[in-house]
Amino acid sequence: MTETLLSTHGLTAFYGDFQALFGVDIELHRGETVAIIGANGAGKSTLMRSITGQLRNEPAMIRSKGEAIGTLDAPDVLARGIAMVPEGRRLFPSLSVEENLLIGAHGRKGGGYWQLETIYEMMPILRERRHHGGTALSGGQQQMVAIGRALMSNPEVLLCDELSLGLAPVVVKEIYAAFPKIRESGASIVVVEQDIGQALKVADRVYCMMEGRVTLSGPPGTLSREAIHDAYFGVSA
Amino acid sequence: MIWVDTIVQGILLGGLYALFAAGLSLVFGIMRLVNLAHGDLIVLGAYLILTASTVFGLNPFLAALIAAPVMFGLGWLLQAHVLNRVLGADILPPLLVTFGISIVIQNGLLEGFSADSQKLSVGALDSASLALGPVTLGVMPLLTLISAVAVILILNQIFYRTALGRAFRATSDDAATAGLMGIRPRNVFAIATGLALVVATIAALYLGIRANFDPTIGPARLIYAFEAVIIGGLGSLWGTLAGGIVIGVAQALGAAINPEWQILAGHVAFVAVLLVRPRGLFPRAND
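Protein chains in written order, with numbering that gives the first Met the number 0: chain A, 0 to 236; chain B, 0 to 286.
Simulated from the structure, these hints should not be mistaken for lab results.
Each residue gets a CB set at the ideal place from its N, CA and C atoms; glycine is no exception.
Treat the hints loosely; a few may be bogus.
Stated by the list, open to error - Label-pair distances were calculated between CB atoms; the ranges are:
1. L163/B with G87/A: 21 to 29 Å
2. D16/A with G87/B: 37 to 45 Å
3. L94/B with E57/A: 31 to 39 Å
4. I124/A with G87/B: 17 to 25 Å
5. G109/A with L163/B: 39 to 47 Å
6. G217/A with G99/B: 57 to 65 Å
7. L124/B with L115/A: 19 to 27 Å
8. H131/A with L163/B: 21 to 29 Å
9. I124/A with G107/B: 53 to 61 Å
As the list claims (entries may be wrong) - Quick look at which bits of chain A chain B covers, simulated, 3 or more residues with Cβ under 8 Å:
10. 79-93
11. 157-166
Excised from the complex, chain A in its bound form:
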């Protein structure tokens, strides 16, 4: 059994009085890519926000290598080697492409595989555009910057929230082409996706969420189309 890098245990989350997560359990093992799929409002992004310390939780509801991290704030979660590519990319408009990448290394201590050079090798277009404003790029290129920015901290766990959102299928393919390289570098990955086909292609295991609960989980090969459909929409196909 490989080491569990990240896990949630009966995770609940609230926005004021509104409960968004109802006891979510997920696990990410070293070397794995896990996909979390679900429709809009299923609680996928809330799960990501909880893990990265943007929403308050009970300490033991989230664990990093067994250590309770549920009450840590975002910089402390990053210091545990958990980096995030946020939904909507959220590049810093005042910073150039290169500065956006460099800021990803802000909290980093020491070296690691991912440096400016290795990011530029993987995504050469970013080297060409490195002096452009981060938000002057196309959507796909912005997504590449957001991924590069998260990698610059040399994370053990990379959380990707809705990478394909608002992007053309051909661009999404280009983005996901970077995944083998990211896995080779030693990072384990959690992707949150609405694009089921894409998710099933890259993931070793899939969790399907609906209305704040995990409704289905397992390796893609073991899940039938019908089961996924039911878990995704809550109705039989």
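Dock chain B against the given chain A, drawing on the hints supplied.
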């Protein structure tokens, strides 16, 4: 030729106003906080320099070197323990709190130093001047303008050439996402306010050498600073220098026409610029 001299004197005076404004601009640019106590903090800095200069028998320039780190620490503490608590989507709480701090500083200074006006003296330099044809440049006003340009140059270097500056800009853009990068916005804000008060100390030095000061003059300095920041375009440091110079020149021209019009002319210039360029001379693209 008297007009040339008047305009040059106005530009030099603008250097002082730019120094008043640079700290305000820095804080506003990073955390969208309008610090109503900024003028009083400058006056507090002047009293700190005066105290260090009197107690240790130092030249005000050396005394300012002692006051600057004290003011940095004060700014850091003020932000970390008071202002960070009230920063948020609502702009009213920080305005009220800084307004309160302004009153506390004024009354504290009155209690400690009385209402008597004070001045910092640098001996012969006070009245030294350089004659350049029809224009006579006072050495201290010239040093003030040079310092203002230097301060803005250094702040720009920090902003655009250092990791700290990147963190400043990223936090200003989106504090929540900056947190995901390992940046602690509250620490960044505390450093920014500390830095702003170091700039305020430099402003205090030249204010105290140029004119008399007493505990009540802070709010008027705040208004000049505020006008300079707005004329320049919110958050733009070079714009702030330009804004200071616009007010300085307007005041000098107003005073040359009629001495009673000095202050009025500065305010009229402010309104005039806003009529033509409502977002200031050099607005930031993403505000």
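Evaluated hints:
Checked against the given bound of 21 to 29 Å, the beta carbons of L163/B and G87/A, roughly 27 Å apart, stay inside it. Between D16/A and G87/B the CB atoms are about 20 Å apart, so this pair departs from the stated range of 37 to 45 Å. Between L94/B and E57/A, the C-beta spacing of about 37 Å keeps the proposed range 31 to 39 Å intact. For I124/A and G87/B, the Cβ-Cβ distance of about 38 Å falls outside the hinted range of 17 to 25 Å, so the restraint is violated.
G109/A and L163/B have their C-beta atoms about 20 Å apart, which leaves the hinted 39 to 47 Å range violated. Separated by about 60 Å at the C-beta atoms, G217/A and G99/B satisfy the suggested range of 57 to 65 Å. A hinted range of 19 to 27 Å is violated for the C-beta pair L124/B and L115/A, which are about 49 Å apart. Between H131/A and L163/B the CB atoms are about 23 Å apart, so this pair conforms to the stated range of 21 to 29 Å.
A hinted range of 53 to 61 Å for the beta carbons of I124/A and G107/B is consistent with their spacing of about 58 Å. Interface restraint, the segment 79-93 of chain A with chain B: holds (7 residues with C-beta to C-beta distance below 8 Å; minimum three). Given as covered by chain B, the segment 157-166 of chain A fails the check, having 0 residues with a CB less than 8 Å from a CB of that chain where 3 are the minimum.
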